[in-house]
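Here is what each chain is made of, one letter per residue.
Protein chains: 2
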Amino acid sequence: MFREKIKVLDCTIRDGGLINNHDFDVHFVREVYKALSAAGVDYMEIGYKNSKKLFSNKEFGKWKFCDDEDIHQVIDGIPSKTKISVMVDVDRVDVDDIAPRKDSCVHMVRVACYVKDVDKAIHLANHFAAKGYETTINLMAISRALDNELTECLTQLEEESKANVIYIVDSNGALYQETTEFLVKKAKHILKSKEIGIHAHNNQQLAFGNTIEAIIHNANYIDATVYGLGRAAGNCPLELVLGFLKNPKFDIRPVLDLISKEFIPLRQQMEWGYIIPYAIAGILDEHPRAAMEFRKGDNKENYREFYESLVGEVDE
Amino acid sequence: MFREKIKVLDCTIRDGGLINNHDFDVHFVREVYKALSAAGVDYMEIGYKNSKKLFSNKEFGKWKFCDDEDIHQVIDGIPSKTKISVMVDVDRVDVDDIAPRKDSCVHMVRVACYVKDVDKAIHLANHFAAKGYETTINLMAISRALDNELTECLTQLEEESKANVIYIVDSNGALYQETTEFLVKKAKHILKSKEIGIHAHNNQQLAFGNTIEAIIHNANYIDATVYGLGRAAGNCPLELVLGFLKNPKFDIRPVLDLISKEFIPLRQQMEWGYIIPYAIAGILDEHPRAAMEFRKGDNKENYREFYESLVGEVDE
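In order, the protein sequences belong to chains W and Z. Note that this note's numbering has the first sequence beginning at 1, numbered continuously upward. Note that this note's numbering has the second sequence beginning at 1, numbered continuously upward.
I should point out that these hints are in silico values taken from the structure, not numbers from a laboratory. Where hints are given, some of them may not hold.
Copies of the same chain look alike in the list, so a pair counts if it fits in one copy or across any two.
Straight-line Cα separation of at most 27 Å, BS3-like style, residue types lysine-lysine; simulated pairs [to be verified]:
no.: 1; residue 1: LYS261; residue 2: LYS300
no.: 2; residue 1: LYS192; residue 2: LYS116
no.: 3; residue 1: LYS34; residue 2: LYS162
no.: 4; residue 1: LYS34; residue 2: LYS300
no.: 5; residue 1: LYS249; residue 2: LYS81
no.: 6; residue 1: LYS81; residue 2: LYS162
no.: 7; residue 1: LYS5; residue 2: LYS192
no.: 8; residue 1: LYS296; residue 2: LYS34
no.: 9; residue 1: LYS261; residue 2: LYS116
no.: 10; residue 1: LYS186; residue 2: LYS52
no.: 11; residue 1: LYS246; residue 2: LYS185
no.: 12; residue 1: LYS162; residue 2: LYS188
no.: 13; residue 1: LYS83; residue 2: LYS296
no.: 14; residue 1: LYS7; residue 2: LYS102
no.: 15; residue 1: LYS296; residue 2: LYS185
Only a predicted model underlies this, so the values are computations on that prediction, with no experimental measurement involved.
Let the sequences and hints guide you as you build the complete structure.
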């Protein structure tokens with residue numbers, strides 16, 4: 001009943017870091033790593049590799065930079081088969097920050113880009129592949145991609161990139177199952193030598209549903225986060241993915257413990273999940289940026305006002 | 001782009017009433033009716049028609065009985081095209097309580113039953129149809145139905161019942177899209193003279209995804225509740241359904257206002273939604289009864305304990 005090729009990547013700390021400037025303390029991150037390792041999760045993405053020339057480590061926590069010595073504080077002494085992943089953004093990484101794979105505790109580097117930046121992403125991914133890393137390219141905001149540009153982008157990825165996996169990223173939480181099916185099938189058709197991944201946001205409570213849809217159509221790399229933690233509406237909940245997959249290597253129990261002990265208290269301090277302005281942004285296929293700003297204001301429960309602010313300005 | 005035959009039925013007060021013994025005050029219910037009317041929602045289900053010989057109106061609120069004079073307090077003076085629905089359970093209704101349609105403000109009577117009770121449900125639905133009501137039969141806990149029994153049940157419904165609509169009810173919140181597709185196609189195939197409805201619970205955050213799946217496969221009666229209010233994990237959120245459907249008669253704005261004003265405060269007092277013991281019950285295809293009990297205890301965030309309690313007792 002299970003598909004052995006399916007890999008689950010937990011990006012709780014990386015995507016959750018977008019809420020708190022990547023400032024999770026080491027104890028918390030270590031608890032996450034411990035639970036994921038016990039649960040049999042294949043990868044844990046711990047943060048970004050951003051250039052310290054561009055971002056100050058006074059303003060941002062350590063998971064915006066992911067120095068190897070910080071990662072060691074998380075993983076050392078914990079028995080684990082879970083591989084470590086870091087993400088890089090086009091134009092925000094200093095490639096010289098990243099040591100060859102053999103000298104690092106990182107296994108995988110994922111390059112996030114918009115369709116228009118695919119050339120830069122290919123260049124980066126090939127650089128990291130040459131250094132010995134597993135690599136992926138994650139196509140953000142794919143719900144906004146024009147079909148002809150996406151075709152060109154996917155063709156180029158197949159022909160020019162050494163990335164092992166190409167991800168469909170629903171940054172806006174705007175995809176419905178039919179579009180997910182369309183995109184995964186299209187990607188599978190063009191990317192004959194690659195695996196397909198899915199990274200879904202949960203604005204419309206469809207992150208898990210779209211992830212299942214992608215799995216049905218042969219996506220094998222599945223992003224999820226513990227209790228759905230992540231920017232704005234958050235992500236596909238890991239515990240639901242583990243409940244769905246029949247692969248005997250997975251054990252949901254350590255993740256349940258982790259939610260009880262760490263995530264229920266955390267939710268009292270950090271906001272993510274099903275919140276109406278994020279749902280509205282998803283319905284209208286907008287980035288949650290405006291909604292996140294709106295949630296900081298005094299008027300944060302005036303949903304009609306937020307809705308009108310997004311649909312109000314219409315011109316040709 | 002839109003399918004005119006699609007009807008949206010809001011069952012916020014009826015399903016939400018399972019949390020508070022059907023004791024919503026008239027002001028609240030009137031605000032819901034006002035918003036649904038302005039939003040263009042086709043039906044509002046206001047509660048159950050339970051026999052007062054079986055249940056005391058000291059223990060339960062008025063929406064367990066839905067006397068016509070109580071419904072009038074909600075609807076009078078509000079311009080509306082929204083029809084009123086009530087639900088009856090097999091063996092809990094006194095049919096003499098229900099006046100002929102021409103003497104009542106109720107338009108539709110829905111009969112809820114398990115597959116095994118379909119004979120009783122047909123008898124009831126035909127009785128209400130003869131009194132002039134639109135009728136539906138809602139097949140509860142369908143994720144647990146054996147295929148041969150379901151085939152027999154659906155065949156009987158097609159041949160013997162006067163119900164306009166047969167609903168697939170995912171009481172346990174256990175369905176995934178593939179099973180939803182299978183069930184809706186099966187029902188469509190056998191029930192040639194009926195419409196198909198979907199009523200999904202949200203244990204695994206799949207109520208909306210499964211509802212879309214049912215719509216894709218030609219279910220035309222769509223249950224939803226405001227902000228997902230409903231027993232345990234709640235239901236498919238109405239605001240997401242209205243955001244998805246392209247029917248120009250719907251307006252999401254009054255529902256957004258209603259959530260801002262009434263449902264955000266209510267959520268501080270009543271518990272529903274994505275809560276891990278309900279997710280576990282959904283994953284394991286169990287009724288949420290045990291999870292609801294567990295949430296009342298001191299140990300309510302010990303998810304592993306709850307999980308073990310459900311999977312622990314295994315025998316042949």
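List of violated hint numbers, smallest to largest: Going through the list in order, the structure violates hints 3, 8, 9, 10, 13, 15 and respects the others.
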